[in-house]
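All chains, full assembly: derive it from the sequences and hints.
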Amino acid sequence: MAAPVKVFGPPMSTAVSRVLACLIEKDVDFQLISVNMSKGEHKKPEFLKIQPFGQVPAFQDESISLFESRSICRYICEKHADKGNKGLYGTNPLAKASIDQWLEAEAQSFNPPSSVLVFQLAFAPMMKIKQNPSAIKENEDKLAKVLQVYDKRLGESRFLAGDEFSLADLSHLPNTNYLVAAAKDKMEDLFTSNENVGRWWAEISSRDSWKEVVRMQKNTPN
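Numbering of the sequence shown is given in this note's numbering, commencing with residue 47 and proceeding in unit increments.
Hint data in this document are derived by calculation from the structure and do not stem from the laboratory. Backbone N, C-alpha and C fix where the C-beta goes; we use that ideal spot for every residue, glycine too. Some hints here could point you the wrong way.
Straight-line Cα separation of at most 20 Å, EDC-like style, residue types lysine to aspartate or glutamate; simulated pairs [said to hold, decoys possible]:
#, residue 1, residue 2
1, Lys52, Asp187
2, Lys95, Glu114
3, Lys198, Glu258
4, Lys95, Asp75
5, Lys52, Glu150
6, Lys191, Glu241
7, Lys132, Glu210
8, Lys125, Asp107
9, Lys132, Glu249
10, Lys191, Asp209
11, Lys95, Asp146
12, Lys129, Glu258
13, Lys142, Glu202
14, Lys132, Asp254
15, Lys52, Asp73
16, Lys176, Glu186
17, Lys52, Glu124
18, Lys198, Asp187
19, Lys188, Glu114
20, Lys264, Asp254
21, Lys125, Asp146
22, Lys132, Asp73
23, Lys188, Glu150
24, Lys142, Asp209
25, Lys129, Glu202
26, Lys125, Asp209
27, Lys89, Asp75
28, Lys142, Asp187
29, Lys129, Glu186
30, Lys198, Glu241
31, Lys95, Glu108
32, Lys188, Glu258
33, Lys257, Glu210
34, Lys52, Asp75
35, Lys198, Asp209
36, Lys90, Glu114
Simulated DEER-style distance windows between Cβ atoms [what the hints assert, rightly or not]:
#, residue 1, residue 2, range
37, Asp209, Ile79, 16 to 24 Å
38, Asn82, Ala227, 21 to 29 Å
39, Asp73, Ser252, 12 to 20 Å
40, Arg204, Ile79, 33 to 41 Å
This is the structure in structure tokens:
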């Protein structure tokens, strides 16, 4: 029996939780290895050997080491194509291309403003850092424009890349979950004011794989 893959990093990390959700969707055994970032463990030489930028997650599959959460997710889906959710990364070139284009939209258009908002609205209060109202307003406006594009797309298909849940949808779960939880009324309105986006978010956030990731986050000591 193959050894479980190893995921290094805290489940509270948006990038780590993306990989965990993918592994659970694909029914792949994994070992989550704690990295205490407050103590600088992600900058130590032994960690930098597997993640040269000193960020999380780092990922090991026997002798293979990878970093960057979206690339890790693609690798998991390709290697374990016949396990778990078989269509998570598509089953033909056109499906993969559609998923890839929306993964790029998430990385290039959705992630930049939503990551700023996650830090300002969720992490800054926990870290006792003063929030920046102008950064919040600027990125709310940017995110609202992105969600208008998403809403049009989601009026044409059930999910971003088509009518099946895929990596394109999964990749949006971590940031959106923090935003809705951290500023429930304001951020939830930002998503639900777009009818199709609201429907889509309700559906993807209720998946068992994501519920398990949220449970892991809640059970992890701060």
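Q: Taking the numbered hints from earlier one at a time, note which ones the structure violates and give those numbers from smallest to largest.
A: Those not satisfied are hints 1, 3, 4, 5, 10, 11, 19, 25, 26, 27, 28, 29, 32 and 37.
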